[in-house]
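Asks: Listed here are the chains, written in short residue letters.
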Amino acid sequence: MVMNVGILALQGAVREHADLVEACGHEAVPIKRVEELKYIDGLILPGGESTTMRRLMDRYGFTEALRRSSLPMFGTCAGLILLAADVTDRSGGHLGKLDITVARNSFGRQVDSFEAQLDVKGIDEKAEAVFIRAPHIVSVGSGVDILSETGGKIVAVRSEHHLGISFHPELTDSTVFHQYFIDMVESHAAETTR
Amino acid sequence: MQQTGTERVKRGMAEMQKGGVIMDVVNAEQAKIAEAAGAVAVMALERVPSDIRAAGGVARACDPRIVEEVVDAVSIPVMAKCRIGHITEARVLESLGVDYIDESEVLTPADEVFHLKKDDYTVPFVCGCRNIGEAARRIGEGASMLRTKGEPGTGNIVEAVRHMRMVNQEVRQISVMSDDELMTEAKNQGAPYDVLREIKKLGKLPVVNFAAGGVATPQDAALMMELGADGVFVGSGVFKSENPEKFAKAIVEATTHYQDYELIGRLAKELGSAMAGIDISQLSLEDRMQERGW
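Residue numbers (my numbering), protein chains in the order written: chain R, 1 to 194; chain L, 1001 to 1294.
Excised from the complex, chain R in its bound form (with noise of 0.2 Å):
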């Protein structure tokens, strides 16, 4: 069945998303409005500015309406830090999905941007990685599942139906993240309609 895959078109790299969500042989639509959440099936967080984007989503009720949601998550470098409980240089985290501590920019400025191979949990092939200014994952509470680490660093994470990951698969040509998580949603799906 066709899913429909929201993703957060408040500011960042949103089409890129939608791409692959399309590659994947799904419906890609974009969300500027909280009413428009009742018509998809899970929710891509895309990268961007963390800081931009909670602000946009402070000001048109997503903070409230997400932290509310049962949707599916997935949240990429900036949609990362949206979902994570925690943040090291913030009180209070934005969504609370994932029980994790995040730290921001953290591989250091944009000089230090890189690109990686990475072997991910769950996933067959070499993952390729472009990070941004990117967060990490400082730690995780229980039920956290670990998929990836570079240099010491935890970089991919996933509870139940919620995934963060610190990169930028959406740079990348690669559909498998989006696969990965058009699975989780069709499971929860299939699940919620039982």
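Because the hints were derived from the structure by calculation, they are not lab data. Any given hint could be a false lead.
To be verified - Lysine-lysine pairs mimicking DSSO-like chemistry, simulated, CA-CA at most 30 Å apart:
#	chain 1	residue 1	chain 2	residue 2
1	R	Lys-32	L	Lys-1269
2	L	Lys-1246	L	Lys-1032
3	L	Lys-1117	L	Lys-1187
4	L	Lys-1187	L	Lys-1200
5	L	Lys-1117	L	Lys-1246
6	L	Lys-1204	L	Lys-1187
7	R	Lys-32	L	Lys-1246
8	L	Lys-1032	L	Lys-1240
9	L	Lys-1201	R	Lys-126
10	R	Lys-32	L	Lys-1117
11	L	Lys-1240	L	Lys-1117
12	L	Lys-1240	L	Lys-1204
13	L	Lys-1240	L	Lys-1269
14	L	Lys-1201	L	Lys-1187
15	R	Lys-32	L	Lys-1204
All of these numbers come straight from a predicted model, not from anything done at the bench.
With the hints as your guide, set chain L onto chain R.
Replies: Leaving out everything else, chain L in the frame of chain R:
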């Protein structure tokens, strides 16, 4: 193995700024206002373009002390301008840890023949363009992001509109050109053939293209998004307006929701007056910053 400074990492950084507003700031206090308003980045400089225009003389890269002050004040990315062709200003900004350098016609050019060879740097660059020839040459030199030149410091959107329309029109023309027409197009535009081939293959520019140079109201910002800009730079517009905080927020919202006219109307109603504007025909050719760059 970790590779820094790759084309994907540099262009990707600009992709993350899409749909956002980058604001000119001259100190830490303004940088914080910009961040609080939802700017996706700030551009550190000594004077905003309208003041550069008023002051005359030579406009150089920002004092490193201001760059450091701004870098320390905010967690969003910090950009800074260097003069066209000024290798050392660019290297110094890179060493200060700025996240993006604008090789900018707003400053007085240091070289009237050559631009920087930008792919030599780890830090990414943004450059201004008025047409596909300028856009392709800058990409050929290694720019990872483009913006319209517009006419900075005028509060007049007409030149940014002209440049955005021109580039997009030329991109569309190139996308449908046959392969055998492309070399002559490259010759006519003074554009690198390989870059035109990439544009044709993609059907769009290979890098993000923001609007800049004359954005003075939320309506201006939304108009540029409507015309296909990936985001907006606001120079003098924010801190030359009556209420910078409100103004900055309004520009950010209008950029995100550029087709929500009710919202934009509501935002505009609450603002004081925008910066004063200058008619382009009142500017002599040598006063037009857009004529700089080759």
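Asks: Confirm or reject each hint.
Replies: Consistency of the hints with the structure:
no.	hint	verdict
1	R/Lys-32 <-> L/Lys-1269	23 Å, holds
2	L/Lys-1246 <-> L/Lys-1032	13 Å, holds
3	L/Lys-1117 <-> L/Lys-1187	21 Å, holds
4	L/Lys-1187 <-> L/Lys-1200	16 Å, holds
5	L/Lys-1117 <-> L/Lys-1246	39 Å, violated
6	L/Lys-1204 <-> L/Lys-1187	20 Å, holds
7	R/Lys-32 <-> L/Lys-1246	22 Å, holds
8	L/Lys-1032 <-> L/Lys-1240	16 Å, holds
9	L/Lys-1201 <-> R/Lys-126	27 Å, holds
10	R/Lys-32 <-> L/Lys-1117	39 Å, violated
11	L/Lys-1240 <-> L/Lys-1117	34 Å, violated
12	L/Lys-1240 <-> L/Lys-1204	34 Å, violated
13	L/Lys-1240 <-> L/Lys-1269	18 Å, holds
14	L/Lys-1201 <-> L/Lys-1187	19 Å, holds
15	R/Lys-32 <-> L/Lys-1204	24 Å, holds
The structure fails to meet hints 5, 10, 11 and 12 from the earlier list, while all remaining hints are met.
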